[in-house]
Amino acid sequence: MEATALLPIGMGLIVIGAGMGIGRFASAAAESIARQPEAADKISGAINLPLFLLEGVAILAEVFTFLMLIL
Amino acid sequence: MIATLSASSSGSVMSRVGPNIIHHVSNSDISHPIIHLPTVAGINLSVTKHVFMLWLVAIIISFSIIIPIRAFIKSKSNIPSGWLNAIEAIVQFIRDSIVKPNVGEKWVNTWTPLMLTFFFFILFANGIGMIPIFDVLGVINRFILNIPYSDSHNFINGLLHGGVTATGNFNVTAGLATITFFAIIIAGSMAHGFLQHWKNLVPHGLAWPVYIILIPIEIMGLFVKPFALTMRLAANMTGGHIALLALLSLMAIFGEMFHSTAAGIGVALISVPMSAAIAGLEIIVVLVQAYVFTLLTSVFIGMAIHVHH
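If you read the protein sequences in the order shown, they are chains P and A.
Quick note: the first sequence uses this note's numbering, first residue 1, plus one each step.
Quick note: the second sequence uses this note's numbering, first residue 1, plus one each step.
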């Protein structure tokens, strides 16, 4: 089997990983806001940065997969 | 979009969809630039679509942000009116909730101008990609002015090639991230002195074998930060447009697969609302990516200023 045939599987794995990460972030944020609604601003502020870093990793992986596909 | 879809080279729909999508997100061909300019020092200075969009964004920002603010400062009044209220809200948001918590009270006025420049430039460059100005211009050109699509000397026809989002080009975002790269070094040098900034990269007072691993990692991290910024912005902008176009292309693909127009129209009932929804999502992404780039740049600058070792 060619290596490029496995690339869609890789892309799927990236989506699963990123989705699980973002899901955990969202659930943790929702839970902590529910416990302490007055701290909602601080919680969403603190959650932004790691969320974008996570998204960056996922995007990088997607880009490299895509580049392997077309190069 | 549809005008170019039908005007593409012959072949089955499946083999035309991919190149058509790439045509709508990538830069226009350097051998057919919009404005011909000479080659200086091995660099072809001809204006392609993305360069044209950069200049267009710069002009729009000059007229809508820079000139009103200059006039406001000159007028000596302390109360903004009309459009300036909106600008003031954005400027205040960026200064107080992006730059100040990260960079700190002492340096906030030094770095807010750079962050504002980043934010407005990226916001306008992203946002202009969601406005179908050139598709409308192409339709007017084709059906009202009656200029055929094949006329390559027509200025508007030249504008139709290539993607509209300049920030979807890795070279543009790499240029922006290079500014971040030097801003981090300058921020560290201003706060601690040039040599001390480089010493601050690694914590001091560790056993010497740790440094063998730590120094290469920190030097890598120096380059990974702007690289991640480059990839994040460009891939987000390109990815959204590819998703939109792929959904719209489903109409052509299904029409070809079942050899009937009805199949294409049936899929259109699903794929057009879907792409409208994704276009709405893209408008959020446009705002979020401008915010993220500014936020991360100020976080990195703050990391160079407040060294926690």
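Keep in mind that the hints are not guaranteed to be accurate.
Listed next, the in silico DSSO-like pairs over lysine-lysine satisfying Cα-Cα at most 27 Å (straight line) [unchecked claim]: (1) A/Lys106 with A/Lys225; (2) A/Lys225 with A/Lys199; (3) A/Lys76 with A/Lys199; (4) P/Lys42 with A/Lys225; (5) A/Lys76 with A/Lys106; (6) P/Lys42 with A/Lys100; (7) A/Lys100 with A/Lys76; (8) A/Lys106 with P/Lys42; (9) A/Lys76 with A/Lys225.
Simulated from the structure, these hints should not be mistaken for lab results.
#### Entry: Structure versus earlier hints, numbers of those that do not hold, lowest first
Numbers 3 and 9, in rising order.
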